[in-house]
Amino acid sequence: MKLWLAFNSWYKQFLPNCQTDRDAINEVKRGGTVRNSFDQVFDAQSDDGEEFREAIALLVKELRIQQINNVSFTNSDIEPNFQNLTPRIQNKRLNTGNIVKLARETAIISDKNILFPELIEVIYQIRCGLIHGEFDVDDRRAHRLVKGAFVCLNKIFGPIVLVNNP
145 MKLWLAFNSW YKQFLPNCQT DRDAINEVKR GGTVRNSFDQ VFDAQSDDGE EFREAIALLV
205 KELRIQQINN VSFTNSDIEP NFQNLTPRIQ NKRLNTGNIV KLARETAIIS DKNILFPELI
265 EVIYQIRCGL IHGEFDVDDR RAHRLVKGAF VCLNKIFGPI VLVNNP
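In my numbering, the protein residues as written are 145 to 310.
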């Protein structure tokens, strides 16, 4: 919740034409500062980059099972059976450059122009579920969704907050 409040505060300052969260989400999905931060952490060969990609993988796997508010990684999740492929076929698919491996058993589209807006929408829908009481506090899946969304938003948005508030 604190992280989302920080995001709200940021967009009110840096996206002044956005009147609602939905306006801000749509604007963020078009690109800019948040997209640049996403690109950096997604491509990072560091613990932060690995944790970020693993959090996306967690969200992809959870939303394969059940969408949230009719939202999932519909256009990004193009290899749902990656974990069932032999290592040789996995490597062959990865070498095409069309997919990228997020975690041991999860691969998605490599096109960040497709992935980024879907991730932002997924994070927003999880936020809506949390804010509007759609999650049961004892539901383990809800905990995984919130954790994945938090890690993703924190890795993307954390550096932006630090730059704007040194």
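The hints are simulated quantities; they were obtained by calculation from the structure and are not laboratory data.
Even for Gly, the Cβ is constructed at its ideal location relative to N, Cα and C.
Certain hints may be false.
[Said to hold, decoys possible] Derived Cβ-Cβ restraints for the label pairs, each shown as a range:
#1 D165 / N219: 18 to 24 Å
#2 N239 / T164: 42 to 48 Å
#3 P224 / E194: 32 to 38 Å
#4 Q189 / C272: 31 to 37 Å
#5 G175 / V215: 15 to 21 Å
#6 F158 / T230: 43 to 49 Å
#7 C272 / T230: 35 to 41 Å
#8 P303 / V281: 28 to 34 Å
#9 E278 / R232: 41 to 47 Å
#10 N235 / V281: 20 to 26 Å
[Claimed, not checked] Dumping the calculated BS3-like pairs for lysine-lysine here, alpha-carbon to alpha-carbon at most 30 Å:
#11 K205 / K173
#12 K256 / K173
#13 K146 / K291
#14 K205 / K146
#15 K245 / K173
#16 K173 / K146
#17 K156 / K146
#18 K256 / K205
#19 K291 / K245
#20 K256 / K291
#21 K205 / K236
Identify every previously stated hint that the structure contradicts and give their numbers, smallest first. Violated hints: 3 and 10; rest satisfied.
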